[in-house]
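2 protein chains.
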Amino acid sequence: MTLTNSHIIPYLKQAKAKIDEQLRIEISKLNGPKVLIDAMNYSLEAGGKRLRPIMLLATLEAFGQNSEKGIPLACAVEMLHTYSLIHDDLPAMDNDDLRRGKPTNHKVFGEANAILAGDALLTYSFEMIASLDDPEITSQMKVELIKQLAQAAGAEGMVGGQTEDLIAENNPNLTVEELEHIHVNKTGKLFIYSVLAGAILARANEEQMNHLEQFAYHLGIAFQIRDDILDIEGDVEKIGKPVGSDFENEKSTYPSLLTVDGAKKKLNEHVDKAIKFLYKANVKHEQLETISMYIIHRDN
Amino acid sequence: MTLTNSHIIPYLKQAKAKIDEQLRIEISKLNGPKVLIDAMNYSLEAGGKRLRPIMLLATLEAFGQNSEKGIPLACAVEMLHTYSLIHDDLPAMDNDDLRRGKPTNHKVFGEANAILAGDALLTYSFEMIASLDDPEITSQMKVELIKQLAQAAGAEGMVGGQTEDLIAENNPNLTVEELEHIHVNKTGKLFIYSVLAGAILARANEEQMNHLEQFAYHLGIAFQIRDDILDIEGDVEKIGKPVGSDFENEKSTYPSLLTVDGAKKKLNEHVDKAIKFLYKANVKHEQLETISMYIIHRDN
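Chains as they are written, first to last, in this note's numbering: chain G, 1 to 300; chain W, 1 to 300.
Any given hint could turn out to be false.
Intra- or inter-copy, both count: the list cannot distinguish identical chains.
DSSO-like mimics (lysine-lysine), calculated; alpha carbons at most 27 Å apart, straight line [said to hold, decoys possible]:
1. K16 <-> K251
2. K34 <-> K251
3. K34 <-> K147
4. K102 <-> K49
5. K18 <-> K251
6. K107 <-> K276
7. K29 <-> K147
8. K147 <-> K251
9. K264 <-> K18
FYI, nobody ran anything at the bench for these hints, they're computed from the structure.
This is chain G alone, in the form it adopts within the complex (with noise of 0.2 Å):
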């Protein structure tokens, strides 16, 4: 199937304008030092695609429900998303300077400040999760919440990946099964959090969790791959950062391995299988297709 931009980008754009107001709201109630709330914000007002909390609101839609009341849900997912920006971003870590095309965070604030906000970004997302003031979100419900998004960001996964990245960095000699384990890890598992916790505000049967899960790992593995491509073919202006440093940095990717051809074979694959598993879900997938073409087809 094919979508065409004027499809894809207008549902993009209203999700994402709902979510950037909600953050401003969430982020506004904190009471903290100028400074620290100043970076949170800077960063969180970065542009992001808020790809993660669109997946959450798209996966309420495809239950036929009202995604309004999952909206600070998915601003808990993007704080938390925002926070490992931060950090990833740091001298000690990737060493970036430019996150879509603006200075990263430390490069303003400083590194002390960068990685605090990252902390407070953190724990803000787990507060506003226990915070949630919807008669419908049971006290049930928040726990496994924030059980499954400790999971999803912690050692056995975000943070667990970016510490396996940073293992295999100057390694060129990867296999694809071990990528994929890393970025499962540091991406993927974010992603299926996103997916997962729309269908349980859902309220979603265990086997409709089970195929999500599945459309949400691949999806997840697509999008990786994509952004390898983009480091190969993407056009500076439009990632905001540098292209081709990943092959400077001699770090095993999927067009490296596989070479870009085989790696936009794979992406396809991948999207193939997302698109499968969503079908069997057997919700209403029309959104979380759209968002599923769009990350085969972004360019950046």
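Since chain G is already given, all that's left is putting chain W on it; use the hints.
Here is chain W on its own, set in the frame of chain G:
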């Protein structure tokens, strides 16, 4: 009142041994990259006094309850405290090479792993609370425990306090009120949380909560004053880090603002207030009072 060391030490030792054992069990459940788990373990095992978890257990005992049920929650608090020590020691923050007489985390594992180990410990502390496996601890209680921990640890609490502390660095002219504000956020709120978390588990009533909050508030300040005095009068062997560093760094401390004698007077005032509120809470106060005495008299 007075308590001799022969009374205080065995109680603390016994409680610490239980915490230490459970910390090992909790970390062994994690299946993450070896260097990450090793880094987390290194700082957890670096010989902390376990004061915060012990206060949580002592609060349960104050309500006539078996402290065993509080041990996993107490470990979550200690993990969060340990994360804060690892991040505070980083070169971009306080740049400390020694902690409890051992090289700091980043000195052993490098900055990237130290940042990630802190992130993982923070994340795991929330996962542990969400995963508490005790039928007496309801989902509603878990949500409350998570919300209050995030508030105590985040931008309005510990992270905010560390931010303010860095701003105040090299400013020898704070007022006592400004200094107290920083310390209440940086260390006080997690002290208070430790007591209130025990009280939540024990289903304390609101009046008891309020009195115990005041107790822990004053005890937290007393703890910090003692810390500042130890930086001047302490024994480097016992403290495990150089003495006199606050003075060299022209840092505002209780002794620098009030003289050592003035700081000791203030320490005693806060302990007196703490004990007054403890008695008002109308609980079995022995163990919490034991800890309070230890905090005044401790030499490390």
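Now the hints, each set against the structure:
{"no.": "1", "hint": "K16 <-> K251", "verdict": "neither (32 Å within a copy, 45 Å between copies)"}
{"no.": "2", "hint": "K34 <-> K251", "verdict": "between (38 Å within a copy, 21 Å between copies)"}
{"no.": "3", "hint": "K34 <-> K147", "verdict": "between (31 Å within a copy, 22 Å between copies)"}
{"no.": "4", "hint": "K102 <-> K49", "verdict": "within (14 Å within a copy, 44 Å between copies)"}
{"no.": "5", "hint": "K18 <-> K251", "verdict": "neither (37 Å within a copy, 45 Å between copies)"}
{"no.": "6", "hint": "K107 <-> K276", "verdict": "neither (43 Å within a copy, 49 Å between copies)"}
{"no.": "7", "hint": "K29 <-> K147", "verdict": "both (24 Å within a copy, 15 Å between copies)"}
{"no.": "8", "hint": "K147 <-> K251", "verdict": "neither (33 Å within a copy, 40 Å between copies)"}
{"no.": "9", "hint": "K264 <-> K18", "verdict": "neither (32 Å within a copy, 54 Å between copies)"}
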